[in-house]
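Full structure from sequences and hints, please.
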Amino acid sequence: MWHRLSSNQSRSSRSSQSSENTKGNNSPSFTPLPSAQKSTSSEPLRIFDNRDGQVFDAAMRLQLHSIIATCLMNGIADARIDAFMHLLQWSDSPKVIVIAGTFGTAIKPDDGPNRKPAPDIPPDNTDTLRRNIWPQLGSCNAYDAIVERAQSSALQRITGAWQKTQALIPASTKNSSNFAAPSHIILLAVRENPSDQALEKLCKVFENSHKTICVSSMVEGVEQISSALTATLAAIAVAPAVKHLPQIIHTDDLLPERALIGDATAFDTLYNKVYQSLAPYSHDDPTLETIDMFLRFGGALDQTAHELNVHPNTVRYRLRKVAQTTGWDATDPRAAYVLQTAITIGRIRDSH
Numbered sequence: 004m005w006h007r008l009s010s011n012q013s014r015s016s017r018s019s020q021s022s023e024n025t026k027g028n029n030s031p032s033f034t035p036l037p038s039a040q041k042s043t044s045s046e047p048l049r050i051f052d053n054r055d056g057q058v059f060d061a062a063m064r065l066q067l068h069s070i071i072a073t074c075l076m077n078g079i080a081d082a083r084i085d086a087f088m089h090l091l092q093w094s095d096s097p098k099v100i101v102i103a104g105t106f107g108t109a110i111k112p113d114d115g116p117n118r119k120p121a122p123d124i125p126p127d128n129t130d131t132l133r134r135n136i137w138p139q140l141g142s143c144n145a146y147d148a149i150v151e152r153a154q155s156s157a158l159q160r161i162t163g164a165w166q167k168t169q170a171l172i173p174a175s176t177k178n179s180s181n182f183a184a185p186s187h188i189i190l191l192a193v194r195e196n197p198s199d200q201a202l203e204k205l206c207k208v209f210e211n212s213h214k215t216i217c218v219s220s221m222v223e224g225v226e227q228i229s230s231a232l233t234a235t236l237a238a239i240a241v242a243p244a245v246k247h248l249p250q251i252i253h254t255d256d257l258l259p260e261r262a263l264i265g266d267a268t269a270f271d272t273l274y275n276k277v278y279q280s281l282a283p284y285s286h287d288d289p290t291l292e293t294i295d296m297f298l299r300f301g302g303a304l305d306q307t308a309h310e311l312n313v314h315p316n317t318v319r320y321r322l323r324k325v326a327q328t329t330g331w332d333a334t335d336p337r338a339a340y341v342l343q344t345a346i347t348i349g350r351i352r353d354s355h
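Note that this note's numbering has the sequence shown beginning at 4, numbered continuously upward.
Some clues are possibly wrong.
[What the hints assert, rightly or not] Here are the computed lysine to aspartate or glutamate pairs in the EDC-like style, where the Cα-Cα straight-line distance is at most 20 angstroms: (1) Lys276 with Asp353; (2) Lys276 with Glu260; (3) Lys324 with Asp287; (4) Lys324 with Asp305; (5) Lys207 with Asp130; (6) Lys204 with Asp130; (7) Lys276 with Glu226; (8) Lys276 with Asp288; (9) Lys214 with Glu260; (10) Lys276 with Glu292; (11) Lys246 with Asp335; (12) Lys246 with Glu210; (13) Lys214 with Glu203; (14) Lys276 with Asp295; (15) Lys276 with Glu223; (16) Lys324 with Glu292; (17) Lys324 with Asp335; (18) Lys276 with Asp332; (19) Lys246 with Glu260; (20) Lys324 with Asp295; (21) Lys276 with Asp335; (22) Lys324 with Asp288.
[What the hints assert, rightly or not] Simulated restraints, written as ranges between beta carbons of each label pair: (23) Gln343 with Gln66: 43 to 49 angstroms; (24) His247 with Glu292: 30 to 36 angstroms; (25) Gln343 with Lys204: 32 to 38 angstroms.
Derived by calculation from the structure, the hints in this document are not laboratory data. Glycine included, C-beta positions come from ideal geometry on N, C-alpha and C.
As structure tokens, then:
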């Protein structure tokens, strides 16, 4: 996206590392149950955990899902959430990908010859969305997925934090309705990074809404999951500001716009992952000076080389190094905007 250096390469390298780290991991392997249906016998429907033989009541599992999602959306990301995840038999410091989108009522569960006819979709179509998501977990290297409706109170809390730090909206009109929002969030608990193709196929459940779908990077631990959730909501909120976006976007595709509305997670990403990669490690490191000069002259290679008193090929080499380090190619206008924003934020922070 945005002519970045192939994100697939960086993701695949992270995936291989994750795969090595997860060898011997005892992540649970649930047999997905689409919903807590009524049982015809006295025994409630249950989910079997292949790891240690424990049996979960389906309704209890959904209740734990709802509690975890509600807490994270409301800013609770501490040991209590770890405890709830432990009850679900999730891995310690679980790896999660956050997906946010709007679910259209036109999508129904598979009603092929081997399945019962699809039920009528209720006003709250979260159960229908679960029925579409859970059968795809295996292809996404996932063992569980929390699928919940985005709560308006949580959205108001998050957007309220943005509004305290930005002045793009008049004070008289500031409220959560000023921002685009998804109808649902998905917390995909994975063993390792899934392929882009598998994620794209899973995201198609939101396709009929014709609204933006946002996918986060794979994160580990409750605090990082909470930050990724905020980042996905922020990306959807600012997506209308950028034309010609694909329907499926990544949280990092809109870092400058997220920073403009006051999203702290965007500030941290731009500073820690982009600016710090450019910042000189010694007085002789020319990386930041070169990229700053190149951006200042609007991408004029010869002028940059003349000002730095080096050969143009030296500038090209340094630009390639920056692209490999940060994932952003300064010769692309969009990526240049991201780099310029990161440098601005970095210098402001470092000046204090």
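Now the hints, each set against the structure:
1. Lys276 with Asp353: Measuring from Cα to Cα gives roughly 15 angstroms; hence the hint holds.
2. Lys276 with Glu260: With a Cα-Cα distance of about 17 angstroms, the restraint between Lys276 and Glu260 holds, given a limit of 20 angstroms.
3. Lys324 with Asp287: 16 angstroms, holds
4. Lys324 with Asp305: This hinted pair holds, its Cα atoms lying about 18 angstroms apart.
5. Lys207 with Asp130: Distance of about 17 angstroms is within 20 angstroms: holds.
6. Lys204 with Asp130: Measuring from Cα to Cα gives roughly 19 angstroms; hence the hint holds.
7. Lys276 with Glu226: Given that 20 angstroms is the threshold and the Cα spacing comes to 17 angstroms, the pair holds.
8. Lys276 with Asp288: 18 angstroms, holds
9. Lys214 with Glu260: Roughly 18 angstroms separates the two Cα atoms, so the pair holds.
10. Lys276 with Glu292: 18 angstroms, holds
11. Lys246 with Asp335: OK: Lys246 and Asp335 at ~16 angstroms, within 20 angstroms.
12. Lys246 with Glu210: 18 angstroms, holds
13. Lys214 with Glu203: Distance ~15 angstroms between Lys214 and Glu203 Cα, so the pair holds.
14. Lys276 with Asp295: Distance ~17 angstroms between Lys276 and Asp295 Cα, so the pair holds.
15. Lys276 with Glu223: The hint holds at about 16 angstroms.
16. Lys324 with Glu292: Distance of about 13 angstroms is within 20 angstroms: holds.
17. Lys324 with Asp335: With a Cα-Cα distance of about 15 angstroms, the restraint between Lys324 and Asp335 holds, given a limit of 20 angstroms.
18. Lys276 with Asp332: Distance ~14 angstroms between Lys276 and Asp332 Cα, so the pair holds.
19. Lys246 with Glu260: 12 angstroms, holds
20. Lys324 with Asp295: Satisfied, since the Cα-Cα distance of roughly 14 angstroms is no more than 20 angstroms.
21. Lys276 with Asp335: The given pair, whose Cα atoms are some 19 angstroms apart, holds under the 20 angstroms limit.
22. Lys324 with Asp288: 12 angstroms, holds
23. Gln343 with Gln66: 43 to 49 angstroms: 47 angstroms, holds
24. His247 with Glu292: 30 to 36 angstroms: 33 angstroms, holds
25. Gln343 with Lys204: 32 to 38 angstroms: The hint (32 to 38 angstroms, Cβ to Cβ) holds, given that Gln343 and Lys204 are roughly 35 angstroms apart.
Of the numbered hints stated above, none is contradicted by the structure.
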